[in-house]
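Novice: Chains as they are written, first to last, in the numbering used here: chain X, 1 to 278; chain P, 1 to 278; chain D, 1 to 278; chain E, 1 to 278.
The hints are simulated quantities; they were obtained by calculation from the structure and are not laboratory data.
Some hints could be false.
Which chain P residues face chain D? A few, computed with CB under 10 Å, are given here [claimed, not checked]:
1. A104
2. R169
3. I170
4. K174
When the alpha-carbon atoms are kept at most 25 Å apart in a straight line, the in silico SDA-like pairs for lysine to any residue are as follows [unchecked claim]:
5. D:K44 / X:R242
6. P:K261 / E:K82
7. X:K40 / P:K14
8. D:K40 / X:R206
9. P:K82 / D:V38
10. D:K14 / E:D54
11. E:K78 / X:Y239
12. E:K78 / D:V38
13. D:K201 / X:I195
14. P:K62 / X:S22
15. X:K261 / D:Y239
16. D:K14 / E:N58
17. E:K127 / X:D129
18. E:K82 / X:R242
19. P:K14 / X:D54
20. D:K274 / X:R206
21. P:K40 / E:H237
Computed from a predicted structure; not experimentally measured.
By construction, the Cβ of each residue, glycine as well, lies at the ideal position given by its N, Cα and C atoms.
There are 4 protein chains.
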Amino acid sequence: MEQFRVLIDADDEKGLVYKVSSIFYEHGLNILSNNEFVDKVNGKFFMRSVVEGDVDSNNLRKSLVDLLPDNSNIDVIKPAKKNIIIMATKEMHALGDILIRHEAGELDANILGVISNYEILESLVTKFDIPYVSISHVGLSRDEHEEKILEYLSTFKDIDYIVLAKYMRILTPKFVEAFEDKIINIHHSFLPAFIGANPYKQAYERGVKIIGATAHFVNNNLDEGPIISQEVIHVDHAYGWRDMQRSGRNVEKIVLSHALKLALEDRIFVYANKSVIF
Amino acid sequence: MEQFRVLIDADDEKGLVYKVSSIFYEHGLNILSNNEFVDKVNGKFFMRSVVEGDVDSNNLRKSLVDLLPDNSNIDVIKPAKKNIIIMATKEMHALGDILIRHEAGELDANILGVISNYEILESLVTKFDIPYVSISHVGLSRDEHEEKILEYLSTFKDIDYIVLAKYMRILTPKFVEAFEDKIINIHHSFLPAFIGANPYKQAYERGVKIIGATAHFVNNNLDEGPIISQEVIHVDHAYGWRDMQRSGRNVEKIVLSHALKLALEDRIFVYANKSVIF
Amino acid sequence: MEQFRVLIDADDEKGLVYKVSSIFYEHGLNILSNNEFVDKVNGKFFMRSVVEGDVDSNNLRKSLVDLLPDNSNIDVIKPAKKNIIIMATKEMHALGDILIRHEAGELDANILGVISNYEILESLVTKFDIPYVSISHVGLSRDEHEEKILEYLSTFKDIDYIVLAKYMRILTPKFVEAFEDKIINIHHSFLPAFIGANPYKQAYERGVKIIGATAHFVNNNLDEGPIISQEVIHVDHAYGWRDMQRSGRNVEKIVLSHALKLALEDRIFVYANKSVIF
Amino acid sequence: MEQFRVLIDADDEKGLVYKVSSIFYEHGLNILSNNEFVDKVNGKFFMRSVVEGDVDSNNLRKSLVDLLPDNSNIDVIKPAKKNIIIMATKEMHALGDILIRHEAGELDANILGVISNYEILESLVTKFDIPYVSISHVGLSRDEHEEKILEYLSTFKDIDYIVLAKYMRILTPKFVEAFEDKIINIHHSFLPAFIGANPYKQAYERGVKIIGATAHFVNNNLDEGPIISQEVIHVDHAYGWRDMQRSGRNVEKIVLSHALKLALEDRIFVYANKSVIF
């Protein structure tokens with residue numbers, strides 16, 4: 001017996017759960033878990049089911065497409081390792097956390113490669129027999145730099161997610177649009193507080209008592225994409241901004257790895273610049 | 001259009017969601033929210049739906065009973081204020097939190113009365129025009145004391161929940177069995193740590209760095225009933241046990257009020273000495 | 001033997017702890033607790049000591065003044081109930097929390113009165129035999145309205161703190177300057193996120209996964225005064241903004257009461273638009 | 001100018017802060033940070049100061065010894081990398097977290113070696129050019145197994161801390177006594193809840209809503225040594241014990257690394273089976 005993740009979003013109407021569950025029943029599927037959410041404000045229905053049974057995924061999908069409203073999005077996914085690219089700059093903690101999880105077999109992912117605009121992380125990445133590509137931005141325009149990155153990325157047939165593990169450069173709209181809802185970034189603040197550069201310094205100057213980190217999909221507005229996950233820690237007056245930075249790393253890496261795990265398990269819907277997470 | 005909460009627990013089998021949602025569809029009901037959980041270990045299915053429509057609740061229940069397996073538990077509840085009794089001893093914080101929420105209209109409950117074994121809380125409770133009954137335990141055996149309490153309780157036709165808001169006496173099996181899964185207690189520790197008397201003193205002596213509170217249903221094993229909700233706060237070496245007690249009160253009251261809210265909204269299933277909470 | 005709280009802030013220089021502790025030693029004082037912090041960036045020294053002994057507080061203060069640098073701020077405080085005014089609008093939770101703590105004897109404060117621009121909270125406040133003054137803003141300019149409030153406040157000889165327990169109007173610079181670092185507000189967001197009106201709606205629209213509350217001193221820049229305390233709770237996609245508001249109330253009241261407690265215990269220094277809290 | 005950490009614990013008496021700060025002043029030292037705590041119950045005084053200046057650490061220590069009560073413990077420590085041994089069994093997360101931090105230069109430590117009773121972690125550890133010693137327990141008595149470990153440990157001149165990064169075997173009193181207050185363990189529960197084997201299974205069976213991890217020094221009573229650090233995460237009914245285990249790993253590794261950091265920075269005093277942490 002095989003497992004499938006069924007993801008549906010549709011305009012809300014009466015009977016959707018009934019229709020979906022009738023299809024599952026007809027195909028003799030066992031429901032292992034079922035999550036639904038109706039966004040009343042926007043009239044949208046979201047559903048994620050994990051089902052088990054002897055079924056052809058195309059047939060199952062076809063049955064759902066036939067019964068559900070025309071503009072529904074329907075995915076039937078057989079769980080498998082997803083292909084990811086990691087981009088980083090100089091810091092090790094977020095990247096290292098992903099590498100260790102990958103090594104421990106905790107991540108359902110193939111790391112195709114790690115791209116950095118510096119060479120500093122090379123010795124860490126290559127320990128794990130993962131390709132490391134250093135593409136320096138020095139002397140290049142933003143477009144030229146990204147062109148080189150895109151060229152490297154074009155060598156892969158299929159990239160499911162690009163993970164920005166403290167990649168400290170802003171991506172152009174061209175890049176972002178090429179990977180819509182596929183680029184996961186970790187921002188080192190509790191967004192929307194402290195958008196932009198050096199959020200820990202901003203946090204220190206504002207005198208906050210809590211700092212945080214936010215994993216989000218990247219869109220064309222800096223630090224304003226759909227939020228996937230957030231976490232915080234308490235600080236006090238004795239924290240300078242570098243202390244905040246040091247302590248914040250623990251939150252950054254946990255939040256990013258958590259968001260990546262949600263993505264790899266197909267638990268995230270993106271809608272109206274928000275995420276629905278099951 | 002009316003709203004109903006439909007609560008179902010049943011032995012798990014294929015097609016339950018389909019059957020339930022087909023009933024909803026046939027009755028022309030709109031699903032406002034839907035939560036399901038399958039306990040694979042015990043083969044149990046739990047479902048809570050909030051539905052909206054023009055339907056007779058008895059008819060709806062009958063349709064569900066007819067279609068679902070024989071030993072299923074099926075409730076169709078029209079949201080209404082529940083009747084609660086509060087029991088307390090001397091401390092004001094947990095009781096006061098419930099009184100203020102009640103006064104603010106936050107709780108879907110009628111407080112039938114407050115019972116205490118002391119008179120100390122009378123002036124607080126009567127401010128809110130809520131009956132206060134002082135039933136002293138002095139000079140009485142445990143059974144005799146409870147007999148008096150049960151006598152008072154028997155004057156009410158219907159009691160949905162008894163809330164122990166820091167009631168510092170142990171209830172006998174006779175009392176507990178009379179109100180199975182209806183007595184909600186707040187224990188001032190992160191259970192199962194520090195069962196029994198003075199958990200803050202125990203916590204202090206053990207040198208823990210976190211203290212907590214646990215709301216749970218009361219059964220016949222002291223502090224071992226099904227847990228509904230837990231929360232914690234950080235402490236350090238500078239906290240004596242009375243400091244822990246003082247800080248702990250904030251957690252106790254929030255956790256108890258939260259558990260009560262879950263109960264009043266019919267969100268809790270109890271099974272195998274655990275809670276399933278939607 | 002009496003206890004005193006000694007609060008010192010001074011330009012940092014070598015030997016300050018030595019000088020202060022020598023004074024304590026000479027006066028035969030026992031140090032119950034001692035906290036120090038040096039803000040290296042601004043070259044400022046902060047110290048809060050709780051000492052015990054037979055000493056005249058004026059003498060003790062004089063000794064400290066004589067030995068410490070000229071522009072030091074030195075307070076020797078005999079713990080006593082502080083006089084507070086509460087201002088609120090319509091919501092009961094934050095106000096109610098303070099009233100219950102006051103009733104339980106948890107707060108070292110006399111509540112001189114509660115001011116509101118509505119009558120809605122009167123029945124709650126008067127239960128506790130606390131003066132309630134309704135000063136409607138209807139038909140008045142902001143200045144005229146505040147004039148009436150200031151007139152009422154001027155009937156009190158001494159006001160230590162004004163607590164804004166969900167007072168939903170902006171105070172003018174005139175009012176704020178009259179009570180510098182004495183007005184404690186609770187803002188219903190994790191500042192500096194969601195400054196201004198309806199932060200829960202802003203939070204909902206941004207799709208955050210954590211909401212919070214911030215207690216701060218009020219200055220002339222809206223929601224930008226020195227932060228005293230912050231706390232957060234997790235939310236998810238199923239929370240509409242009213243759900244956030246409901247859940248957020250638990251955090252608001254705990255954070256405000258906590259900030260008030262810190263103020264009543266003379267634990268807060270304000271400097272450079274930040275707080276140092278011991 | 002050099003920095004020193006001065007750690008003092010002594011029987012409490014009047015004038016200790018004065019005496020210590022007078023010594024600092026006489027030696028022309030600048031106090032960078034100062035923390036004190038008096039345990040009133042046990043009459044013990046604890047102090048940790050970071051001072052800066054041109055001073056011989058032996059002279060400074062001698063001055064303190066001369067002035068403070070006879071049975072005081074006085075350490076003057078020049079910050080330097082400490083030597084640590086890591087012991088692990090099969091799991092990668094806690095070990096991996098330390099390895100990445102070490103690689104990133106976050107830990108003030110030399111990892112002398114990693115000992116495991118299996119070979120499974122070898123490929124991870126040797127990536128980082130750190131000696132890996134597999135000492136199987138198979139076919140050996142507990143004493144014989146430990147004898148082999150102690151033999152390996154005896155090859156090092158100086159071991160500051162032994163970190164048990166999910167080392168799943170119980171150490172004998174002989175071993176523990178050889179490294180008193182030097183062995184840091186991570187227990188995968190919120191101690192004292194769920195002492196002993198498989199705490200996640202115990203937590204699942206008890207139906208808790210929060211799970212945690214505890215870093216503590218190891219003494220001769222299983223899981224009962226002085227607690228250094230604790231942290232928790234929320235779980236719900238949908239978590240089986242393996243889900244708890246997976247989620248718990250994030251807490252375990254952060255808590256252990258945090259406790260190690262505190263130890264490496266000489267921030268922990270152990271007294272009366274508790275820790276005082278500055």
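Novice: Look at each hint and say if it fits the structure.
Specialist: Against the structure, the hints come out as follows:
Interface restraint check for A104 of chain P: the shortest CB-CB distance to chain D comes to about 4 Å, inside 10 Å, so the restraint holds. The closest approach between the C-beta of R169 of chain P and any C-beta of chain D is roughly 20 Å, which is over the 10 Å cut-off, so the hint fails. About 24 Å separates the beta-carbon of I170 of chain P from the nearest beta-carbon of chain D, more than 10 Å, and the hint is not met. Taken as an interface hint, K174 of chain P does not check out: its beta carbon lies about 33 Å from the nearest beta carbon of chain D, beyond 10 Å.
Proximity of K44 of chain D to R242 of chain X is assessed by CA-CA distance (about 19 Å); at most 25 Å being required, the pair is judged to hold. In summary, the hint linking K261 of chain P to K82 of chain E is not supported, as the alpha carbons are separated by about 52 Å, beyond the 25 Å threshold. A threshold of 25 Å between alpha carbons decides the hint, and for K40 of chain X with K14 of chain P the separation of about 30 Å lies outside it, so the pair is violated. Straight-line distance between C-alpha atoms of K40 of chain D and R206 of chain X comes to about 17 Å, which keeps the hinted pair within the 25 Å bound.
Simply put, K82 of chain P and V38 of chain D have alpha-carbon atoms about 56 Å apart, too far for the 25 Å limit, and the pair is violated. A distance of roughly 14 Å separates the Cα atoms of K14 of chain D and D54 of chain E; the hinted pair therefore holds under the 25 Å criterion. A C-alpha spacing of about 22 Å is found between K78 of chain E and Y239 of chain X, which places the hinted pair at or below 25 Å, so the restraint holds. Taken as a hint, the K78 of chain E and V38 of chain D pair is honoured in the structure, with Cα atoms around 21 Å apart against an allowance of 25 Å.
At most 25 Å may separate the alpha-carbon atoms for a hinted pair to count; K201 of chain D and I195 of chain X meet this at roughly 19 Å. At most 25 Å may separate the alpha-carbon atoms for a hinted pair to count; K62 of chain P and S22 of chain X meet this at roughly 21 Å. About 23 Å separates the Cα atoms of K261 of chain X and Y239 of chain D, which keeps this hinted pair within 25 Å; it holds. For the proposed pair K14 of chain D and N58 of chain E, the alpha carbon gap of about 22 Å is at most 25 Å, so the pair holds.
Between K127 of chain E and D129 of chain X the alpha-carbon distance is near 10 Å, which keeps this suggested pair within the 25 Å criterion. A hinted pair counts as satisfied when its Cα atoms are at most 25 Å apart, and K82 of chain E with R242 of chain X qualifies at roughly 23 Å. A hinted pair counts as satisfied when its Cα atoms are at most 25 Å apart, and K14 of chain P with D54 of chain X qualifies at roughly 14 Å. As the CA atoms of K274 of chain D and R206 of chain X are separated by approximately 7 Å, the hinted pair is consistent with the 25 Å bound.
Restraint check: the Cα-Cα separation between K40 of chain P and H237 of chain E comes to about 12 Å, which is no more than 25 Å; the hinted pair holds.
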